[in-house]
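Chains as they are written, first to last, in the numbering used here: chain A, 1 to 240; chain B, 1 to 596; chain C, 1 to 223.
Keep in mind the hints are simulated off the structure, nothing from the lab.
Computed from a predicted structure; not experimentally measured.
Even glycine gets a Cβ: it sits at the ideal position worked out from N, Cα and C.
A portion of the hints provided could be inaccurate.
Chain C regions said to be covered by chain B (calculated; three or more residues, Cβ under 8 Å) [to be verified]:
(1) 10-20
(2) 62-71
(3) 76-87
(4) 108-120
(5) 129-142
(6) 180-190
Which residues of chain B face chain A? A few of them, derived with a C-beta cut under 10 Å, are [what the hints assert, rightly or not]:
(7) F31
(8) S32
(9) I135
(10) T207
(11) G280
Label-pair distances were calculated between CB atoms; the ranges are [said to hold, decoys possible]:
(12) G28/C - Y501/B: 47 to 57 Å
(13) I55/B - A58/A: 51 to 61 Å
(14) E206/A - W325/B: 43 to 53 Å
(15) L228/A - G85/B: 55 to 65 Å
(16) I55/B - K211/C: 53 to 63 Å
(17) R201/C - I136/A: 24 to 34 Å
(18) T56/C - P546/B: 28 to 38 Å
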Amino acid sequence: MTHATQIVDQMRPPAPAEPGSGVYSNKLGMWVFLASDVMFFTALIGSYIVLRFGMGSAWARPGAVLNVPLTGLNTFLLICSSVSMVKAYAAIADGKKYFLRKIPGKTLQDGGLKFWLLVTIICGAGFVGVQLFEYIKLVGHGFTPTGYREGSLLAEHALADPVKYGAGVAGMYGSTFFTMTGFHGFHVTCGVISMLYLYFTKVLPEKYSPQDYRGIEVIGLYWHFVDLVWIILFTIVYLI
Amino acid sequence: MTSVAHAKPAGGGGAHDAHHAPMSFWRKYIFSTDHKIIGIQFLFVSLFFLLIGGILAMQIRWQLGFPGKPLPGGGILPESMVSGGVILPEYYIQLVTMHGTFMVFFAIMPLLVGVYANFLIPLKLGGHDMAFPRINMWSFWLALLAGLIMLSGFFMPDGAPRAGWTMYAPLSARPDLSGATISQKLWSISIVVLGLSSVMGSVNYITTVINHRAPGMTWFRMPLSVWALFITAILAVLALPVLQGAAIMLLFDQTLGTHFFDPGAGGQPLLWQHLFWFFGHPEVYILILPAMGMVSDIIANGSRKPIFGYHSMVFAIIGIAFLGWIVWGHHMFMSGMNPTLGSTFMVSTLLIAVPSAIKVFNWLGTMWRGNLRFHVPMLNAIGFVSMFTIGGLSGIFMAATPVDIPLHDTQFIVAHLHYVLFGGSLFALFAAIPYWYPKMFGRMMHEGIGKVHFFLTFVFYNMTFFPMHIIGMGGQMRRIYDPTQYDFLKPQQPLNVFISYSAFALFAVQFLFLFNFLWSLKRGKKAPQNPWEDNGMEWSLPNPAPHGNWAPQTPNVYRGPYEFSAPEAGDKDYLPQYTKLPTDRDPVPAPLPATH
Amino acid sequence: MRWWLPDAGSTFAGPIDTLFLAILIITGIALVVVEVGLVTFVIKYRARPGRKAFYTHGSTRAEVIWTAIPAVTMVALGLISNHYWVLMKDKKSIPPNAYHLGVHAKQFEWQVTYPGPDGKLGTSDDFTVRNQLHVTVNEPIAVELTAEDVIHSFFVPEWRVKQDAVPGMHITAWFQATKTGEFEIGCAELCGMGHYKMRARVFVHTPEDYKAWVAQQAAGGTE
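Using the sequences plus the hints, can you model the full thing?
So, in structure tokens, the structure goes:
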């Protein structure tokens, strides 16, 4: 067995074996895990839909309480991080020996993986940072998981314009908002931490190669999932 | 030692096992990534929780049989639970809540899945270990952590949770109305941790079954135990996260003041029920399918015949699992949900009786014209079929919605659930534990004690739970501390007394099993390699099975799992999956899949 | 010692008890088939020296038969059951002339609001009594269930009536009692520490007695 063949075999189910999914186990495992995460968010988002549309009065108008432009920018940041993740994956999969352009005398093992993954991590961390900033602002203005805090700015606004601020249902608004976005943010944070772990243990020491980049592909799947969930959340929580 | 034909090993794969330095005790037995050790760890921990559940049940039966009488030994419990030796109402509802919680989440589920999915799947598929051994190890430690968190509830100042194992809101969300504060929050946390453990385990089981089958182990040559565990894992991976979501919402209602289930602020108590039962119904199929799978293996072995209708059995498992997602509302017929929804759930619930019936008939078909050997596992497996039939049939009464009206939330339901969970799942475990004990520990459990245990358990079990149907028909509600408060229940109290005495006897008999299990670890007869003359892949390995199983090689599979009394077997009445006959061709391993 | 369902006390009991009996017969037959089958096989096919098992993988015909018979039975059961389910639980089935009472469940008592001499619920002559439900025999009664705090469940065994009372919801349950006498409400949903003693007394009166009782209550009586 040559060294190259051995490395190739690590990508796939242990051989010899019956035909399985045709996909190596780490990837299959991540797909299964993502299916479970879909169910988790379905429980939260489904409950939100049932609670919101089961209520007598309307919720706060979009943008009344939440900072839609800032979060829109944040959404863009997360989408960018998905793009950079794809670039990172492509860099290692293609095994380009250069980054951006050929430089004589300089060859890379991983075609820019270090750069693109770092971009992804920074964008991901940035997303969490902006979200934390938004949370602090919201709580400061009086928006909490239980509704508008007594005597706060938002409580005053709600008294003045109960329709725009969904005064009667602020409690439910707060409950669902913080739970859904909070758990999403938690998932993003876990993704950032995982990427950092991979970055220091595998990417910097150049342990990935075009023959074995399973970790990048698997974390990429997770990252795209987290992005997709956010797009759904952003739409139904911020825009509608 | 039976010779096993091996496929030529490829590079990578199980090579690491052959190069292990001798492991320390801690690495080998405590922080092990070996699926077999993890399965055994689950076994010991879950049997402990089964015992806890049983102790709680004894107290419940004491109170129901002898309301107001001091509990023997009650003096050791604090005054907040037991006053002057008499169980208090607030302690009683803790007992029923935690009995259900421990039995469902920390006894039966881990015994069936944590133990046997872990232990059997790689062995029965010809693999070296699970797809992700380290995640597997974490799955065990998280389950143990969850169990300890749940147990700690009893030691909290306000006592354990007490809204029933079903934790209906608003009672569960309002500490001021239930009386349970910290422990109720710990319940939610424990469930979230347990859910993580379950999901991790399931990811392993599913990936291993799909990707890690030895050459020749096609889908329709997998034993039914593996099929059942595989389908169960799919149920678990999709259902547990929903419970986690619900538990988190409940936790937030209690700690952050959110309003998910608080009607005063627009929340909906019924939302909890829908979420809980959307998880809860698949959960009960998680609690029975592995039992059915293992019983199939054991009945085929005991009958010395192939399983009758193997393909039907597979489709029945899939059918039960699929239908199991659309029946959850049958727990909610009286809940106030739209009656039209009730009609739809009635239809789906009645339909799910069909695949279950198919399975029972196929087990009978397997025994028909067999050459029956009544070893302890076979006895318990037959007991399973007998009891599960009663449990399944009693469900039909509640499925018919008008009849559910008098029966819902009475002891009739309690009888039904115990017939399927104890008469079903636990009897299946009494079959599976001695069956695979030799593979786990290299010794046999004592056959004589096992037979006495079976017969006494069977008798006392029916004496305990059959009369519950009758007192349920009479109207005795669930979770009530003292039935004699009601004139319409007083005439039935003698049956409650009878049930309680039977339950005490039933519990006492279980110590025979516990003794047998523990004693045989050191003093059991040394097991021959294939004591049951079975066909499964695992019996080609020595007892106990070694670390790495067949590593560095991979065995070949030549036939299906139930070729008992096949003509090719000659004068033997079994023909293992791994035996190569002169007429057999070696299976061709799959070509390596492409990278993209 | 009771061995069966409680004595029938409402118009629902007839259909429900008949359906119960029908299911008992059907499941009883199935049970006997399976258990007798098991016992017979255990005896007849026990291993003896020189015997061999019959090698077969199954029979498609058998599968079809024992799939079709349960399936057809279940569908029939469903259709019959649904007819009565709609009658008992559907809002549209509540008789228009039903006599409405309010039942408010709270930890741990039943507060029953009566419409008073004018017969209309929600007017000024309504009065509320704790833990006593008085109704007239042979007259459709509609109970409007509400709950104060947690989920409770209104259950009168003889009437075959059970309905959860959920905080935040207003649920109507109807029935028609057929026997006079004294009965009990039991709470059929765990509602806390006092769940076991959330009991109310139920009185089914003749029309005259009921009118008399209402008049007495309106005049400030305490019985």
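Results of checking the hints against the structure:
{"no.": "1", "hint": "10-20", "in the structure": "holds (count 5)"}
{"no.": "2", "hint": "62-71", "in the structure": "holds (count 6)"}
{"no.": "3", "hint": "76-87", "in the structure": "holds (count 7)"}
{"no.": "4", "hint": "108-120", "in the structure": "violated (count 0)"}
{"no.": "5", "hint": "129-142", "in the structure": "violated (count 0)"}
{"no.": "6", "hint": "180-190", "in the structure": "holds (count 7)"}
{"no.": "7", "hint": "F31", "in the structure": "violated (20 Å)"}
{"no.": "8", "hint": "S32", "in the structure": "violated (20 Å)"}
{"no.": "9", "hint": "I135", "in the structure": "holds (8 Å)"}
{"no.": "10", "hint": "T207", "in the structure": "holds (5 Å)"}
{"no.": "11", "hint": "G280", "in the structure": "violated (13 Å)"}
{"no.": "12", "hint": "G28/C - Y501/B: 47 to 57 Å", "in the structure": "violated (27 Å)"}
{"no.": "13", "hint": "I55/B - A58/A: 51 to 61 Å", "in the structure": "holds (53 Å)"}
{"no.": "14", "hint": "E206/A - W325/B: 43 to 53 Å", "in the structure": "holds (46 Å)"}
{"no.": "15", "hint": "L228/A - G85/B: 55 to 65 Å", "in the structure": "holds (59 Å)"}
{"no.": "16", "hint": "I55/B - K211/C: 53 to 63 Å", "in the structure": "holds (56 Å)"}
{"no.": "17", "hint": "R201/C - I136/A: 24 to 34 Å", "in the structure": "violated (58 Å)"}
{"no.": "18", "hint": "T56/C - P546/B: 28 to 38 Å", "in the structure": "holds (36 Å)"}
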